[in-house]
Every structure is written in C-alpha cells, then in structure tokens.
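S.K.: Listed below are the residues making up each chain.
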Amino acid sequence: MSEGSILIVDDEYGVRSGIRTILEMDGYEVGEAGDGAAALEALKERDYDVALLDYRLPDTDGLSLLQTMKQRGCEAMVCMITAYANIDTAIAATRQGVDFFLPKPFSPDDLEGVVATLLRHKRARTEADRLRAEHEASLLALAEEKTQTHSLVSSLRDAVLVVNRDGDIVLANPPMLALLDLSDDDVLMRPATELLGGGALAPLGQQLAAPAKDRTVRQLEIGEQTWMASIVTFRDQEGEARGRILTLSDISEVRRLAMEKQKFIRMMVHELKSPLGSIKGLLEVVTDKSLGDDLDPYLPMIARADHRIDNLALLIRDLLTLARSEQTQEGEEPELVPVAPVLDEVVELAREHGAQRGVTVTTALAADLPPALIRPDDLRLVLSNLVGNAVKYNRDGGSVTVRGAVADGWLRLDVADTGIGIREANLARLWDEFYRESRDETRELEGNGLGLSIVKRLVERAGGHLEVASIEGEGSTFSVLLPA
Amino acid sequence: MTPPTTVLFVDDDRDFLESKKVYLEARGYRVLTAESPDAAMATLEDETPAIIFLDLMMEHVDDGFRLGYRIGKDERLGHIPLVMLSGVAAETGTRFDGEAGGLREWSRLARFLDKPVTGQQVLAIVEELAVA
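Residue numbers (the working numbering), protein chains in the order written: chain W, 1 to 484; chain V, 1 to 132.
Just to be clear, a hint being listed does not mean it is correct.
Said to hold, decoys possible - Computed footprint of chain W on chain V; a stretch qualifies when at least three of its residues, placed anywhere within it, have a C-beta under 8 angstroms from a C-beta of chain W:
#1 45-52
#2 63-77
#3 110-117
Claimed, not checked - Partner residues are not named here, just some residues of chain W that face chain V (Cβ under 7 angstroms, in silico):
#4 LYS273
#5 SER274
#6 GLY277
#7 SER278
#8 GLY281
#9 GLU284
#10 VAL285
#11 VAL286
#12 ILE302
#13 ARG403
#14 SER470
What the hints assert, rightly or not - With a straight-line cut-off of 20 angstroms between C-alpha atoms, the simulated SDA-like cross-links for lysine to any residue are:
#15 W/LYS280 <-> W/ILE316
#16 W/LYS280 <-> V/ALA26
#17 W/LYS280 <-> V/ASP15
#18 W/LYS263 <-> V/ASP114
#19 W/LYS289 <-> V/THR118
#20 W/LYS122 <-> W/LEU111
#21 W/LYS280 <-> V/ASP114
Quick caveat, the hints were computed from the structure, so don't treat them as lab data.
Note that the Cβ used here is the ideal one computed from N, Cα and C, for glycine as well.
Bound conformation, chain V alone:
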C-alpha cells in the first residue's frame, strides 16, 4: 500500500487547522498542522509534505510570504507547492493573485486563495498539485 499523501497547514487559527485536518483525514490524507512559522519550520525539519497551505497574516502581516520565501529557497523543500491563504485581498483592493510586485514569484506561490477557504476547495487543490 502506498503511504498517504502528507499535507501541511500553517495558520494561527486552531479551529481552521482542526476542520481542514478532519476533512482531509476523512479522505485518507495525512495532515500536519503548525500554528506559527517557527512551528512550521520545526515540523519541516523531519517532514517533507507534498503540499503546504500558508496563512498570509499570522503574527506579522507578511509572515506567510516570509515563510514561503524560507521554504522556497531550501534545497530539500524548494519544490513543494505553496498555497497562500488570505482574508484581506478583496476588501482592501490589495491584489496578491497576479504577478503584481513579483510577490508570487518571490515566494514561489503556486496558488493564492482568498479566505474563507472550504475543505472542498482545499481538496481540489491538493488533488491537482500534490497527487501524482
């Protein structure tokens, strides 16, 4: 039997982590969660998930980008698709989804999703980007 695909969620909202974990585990995925960028880096020392979901705004407004940058330039982790989640794009007129400002390339984002993000959406992205 092939080992289950591992997904990492980094978000400071414990309820968000919990619901996504339960939703994906019900579909046979292995789900890791981290509540801070530091906790994520600690997890990534031993793990190489197939895909990582990052919250943009945690303790600092750009924590997600910084973490994305750190992961992106890491030799072992650099290839992992990164999906950025944010709750601020549409309302403030700040657009992160395009090439604007090179942010996407800078942090090697595969996708940018505007919160709230449903388990269904997450599942679709995981199936597209992480399941061979």
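Extracted from the complex, chain W is given alone in its bound form:
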C-alpha cells in the first residue's frame, strides 16, 4: 500500500519533477498539474491525501483554486507553496483553509517533513470523520429504535401506560387514550394518580404511584368489560427503579368463555349424576325388598335401570362427539362426499323408527347434486341427528322430507317434518348444549339435548351454517348449508 497520494500543482515543470522525484522515492503516489484547470481535472480522476499548491498559477491563484476544490468536495490537506511569502498572505491563506504554508525555496527535508505532517493530520482527520459518522449512525439507529418501540406500543391491542420514576406519564398508547377518553397532550407528563384517580381505574393510579411489588396483576371491571391490569416496575442496570408500565388487557371474551365452560360442566354433571342417582334408587328398592320377596314386581324397575344405563352410555358418546367436534385432528380432513349414499343409510334407519308410528320418510335430491365437502362421519352424524329428530318430534302418521339442491352457491339440504314445531321464543336456545324445549309434547320423549349442538359444530367445522324455520304445531325445517 502506498504511503499516501500527493497532487503537485505548479506551473514550473522543474519544480514539479523535482518534488515528484523526492516524494516517489519516499513511496508516495504522485500526480501533477501545471495550472488550476489541470488540477481540477486531476481531482476528478481520483482523490488525493495532500495537495501542494503554488500560489501563482497561470490561470488562477492558489487561494481561488483552493476554494473551488473545497466547493467540489475535495478533502485533501492543502499546503501552499510560494516564493512571495509574507505574513499577510499566510494569515489569509490559513483563514481560507490552507493547512500549511511552505515558502520557496525549500529543501527536500522541508518538503518531506511537511508532507509527513500533513498526511498524519489527514489520517487523524479521516479517523475522526469515521468516528463521527459512526456516532451519527448509531444515534440515528437509536432514534429509529425509539420510533419502532413507539409504533410497536401504539399498535398493541392492549392499553399501555408508562410512567417515570416520579409517577408522571411518559407514554400512553392509543387504546389507553381511548380508555381514558383523553388525548396525548392531556396526559403526557401529568401524574398518573391524577389521571386515573376516581372511577374504576383509581386503584391502578395508587399502585402506579407506590407499587408494593415489582409486579402486580389484578382483574377489574369497567362497564361491560373485564380487564386484566398488570403493573411492572422497570429498572436500570444498577437495579434502580426507572418507572412503571401499566398494561390493560381486555379479557372479557376469555372470561365469557370460561363462564360458559363452567356452566357447561355444571349441566354435564347434572346430566350424568341424575341418571346415576335414579339407577341407585331403583336398585336400592330391590336390595331393600321394599315390595316383598317376590322378584316380579321389581322387574319393571330393573328394566328402567337398564334403560337409564343405556341412555348414560349414549350421553357419554355424545359428549365425546361434542368434544371432538371442537378440534380438528390430523387425518380427519374434509373430503368430497356424495350425499345420496350417506342419506340413504340414514333414512333407512329412520324409516324403521318411523314405521311404528306411521311416519314416512322421503328424499328428493337434485340429480346434479355435487358432493359435499365435509368429513364423511360428520355428514352421517348431521343427517342422522336431523332426520332422527324429524321422526321423533313428528306426529303419528306424519312425514319427513329431505331435499337437496344447490342454491345461492351453497349446497343446501333441507330436512322438513310435519311435527310439533318449536316455539319462536325457544328458537335461539335450540343449539345450546343440553337444551330441550320443555313442553307437554316433549315430556315423554327422551333426549339429552346434545344432538343439535353437535350438528351445529360439525356443520360450522365444514365451513357451513344452519337455518331453521318452524311453526309450533305444524312442523320444522332444518337446513344445512355447506360450501358448494
């Protein structure tokens, strides 16, 4: 690598070649120019570390050339060479950015000393520039990071509030501002206790001001919503508390689901325990010999107990189906299932049940009915539940009709019956787990209230939905709509 690059600008060829010879022997790269224009040309070609300028040039003077060079972004160290040196020229030259002043005549040692010094300065300056650039870049990165953090916090769904050590607000993201019904200007650098004071958030203000622990979590109700509030103290490297972050997460939906699940479990326990209690009671009568030693009077009771056990087994089967319908297991992908064979299978069984009460079951599928995109077992369960219900809740001598066609982009399967119908007020609860319409007509009919819940989940899992139309005393039509 070269020791450095030097541009010599002098109109005297002898001076130029003399300087060049000396500098090249020292290992420098050397360029030459005979006047100002040539110097500027040379600088277009490449950068130089040092420029040696003669004060008197044919087309310009050294100081004018220097100004032009600076304007064009030349960063070379500049040494002015002149035979007409006086103190005024020197001062003027220094003011205009000349780094060194070398009066003619000079010895090779003088020249070498000046060039070496200028190169050292140049390197120092380059290094300083590099460091400054690096520093500026890191400042820029820091600012960018702050912006990123800010936009990250702003885009959070959770409401976030940050206070400094003194409890003054330094950041509140849009959800927090919406919750407080305030703007950024209203909150910044205001004490948190003042802004959160009063109302549902008051306890949070106190905790932000003087937290008992580094991390506290509490649940609070604001209007209809349930929030989880977490306050975390953040510390610097020395462990000194710098401020606190309050995060409010809306957990209303989570809580609603938890309560729904709780209710479901309560119902399920009831549905499981009731038959067990009844079976136990029936058996107790037998072991107690309440009706005497003869076995015959007990036989109906034993048959009842047996029947209740069968129903329990069905209930457990349905509970498992319900649980399975909430998750998608691998290898249970929906496939294109021709409807007719599945429906025929379901209808055959329903006809057997209906025959005893004179209920007829007919089907009318469109000739060009496309296959349904659903798991085959799911389609069978959906149809057997709906057709089964249509027979069960029918009147003696009634009818069930299953139609299938494509309508409005949906594969539509209608199961229509001429049965007892559903009261309008009860339609909304129809899909609830364990719900059974309680009417004189239904009292004698057995069921666990899970069938339609299962149907709904299976149809929705296949991307479809259900419709129901019913007139009390006349009949119901349940429609399954699957993506065609």
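Chain W is already provided as a structure; the job is to place chain V on it using the hints.
M.R.: For chain V alone, coordinates are given in the frame of chain W:
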C-alpha cells in the same frame, strides 16, 4: 289409628320419584310426587304434606329455589320443612349448604342434600323432621 305421615317429592326424574315412593311406602308413609313446580303447586292446593323434597335443577336451574320461596311465604304451607336436593354442588365448587348468599334462608331450607340421595338418607331426614 293415626293417619300416615305424608311426604311430597318434587323432581323431574320419574325413576327417582318411583324409587323413593316405593321405599317410603314400604315403611308406611304416604308419598306424593310431582314432576314439575307447577304440578307441585297444584298438589299443594289440596294437600299439606309433613315434609317436601325438592330437586334444585328441573326445567330451570333454580326451579327448586323458586318453588321453595313460593311455598315458604304461603301462610298454610310456610311451616313445612323443605329439603333441597342437587347434583351439582360438589363438582362445581358451588356450595349451597351454608349460609352463603342467604340462599338457604331465602328459600327457608331445612336441609341441603347432594345427589345421589338414597332412600335410607331420605328416611332418616323424614324421621327427624316430619315425625313428631
């Protein structure tokens, strides 16, 4: 001969009613049964049983309490000991047996039993609360 003590069971489970009826009748009690709160109120128009067993969860989850409340504030029936039966207390962590929520006082319950309830348990309660 003194007339037999009358016991009323209100429960929507017919098998439960049947077994308790048979069990207590074998011991000389007169047993009335009702499958719904409305049927119970209808029965109580003509009858004044010595004790009433109510299922908590019939058509509505709190039917038992509502019926208990109706009976409790009735002038003629208010003194009858009420025993609430439920199958949901232990599993769900819901406790009805104490004073919690004033439910017991509200519906004037004499006892709260967790299902399943055996004929033996029922008999013991009847002997304690209904037989002078």
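S.K.: Each hint should be assessed against the structure and marked as holding or not.
M.R.: Evaluated hints:
no. : hint                  : result
1   : 45-52                 : violated (count 0)
2   : 63-77                 : violated (count 0)
3   : 110-117               : holds (count 3)
4   : LYS273                : holds, 4 angstroms
5   : SER274                : holds, 6 angstroms
6   : GLY277                : holds, 3 angstroms
7   : SER278                : holds, 4 angstroms
8   : GLY281                : holds, 3 angstroms
9   : GLU284                : holds, 5 angstroms
10  : VAL285                : holds, 5 angstroms
11  : VAL286                : violated, 9 angstroms
12  : ILE302                : violated, 11 angstroms
13  : ARG403                : violated, 34 angstroms
14  : SER470                : violated, 20 angstroms
15  : W/LYS280 <-> W/ILE316 : holds, 18 angstroms
16  : W/LYS280 <-> V/ALA26  : holds, 17 angstroms
17  : W/LYS280 <-> V/ASP15  : holds, 10 angstroms
18  : W/LYS263 <-> V/ASP114 : holds, 18 angstroms
19  : W/LYS289 <-> V/THR118 : holds, 14 angstroms
20  : W/LYS122 <-> W/LEU111 : holds, 16 angstroms
21  : W/LYS280 <-> V/ASP114 : holds, 14 angstroms
When each numbered hint is compared with the structure, violations occur for hints 1, 2, 11, 12, 13 and 14.
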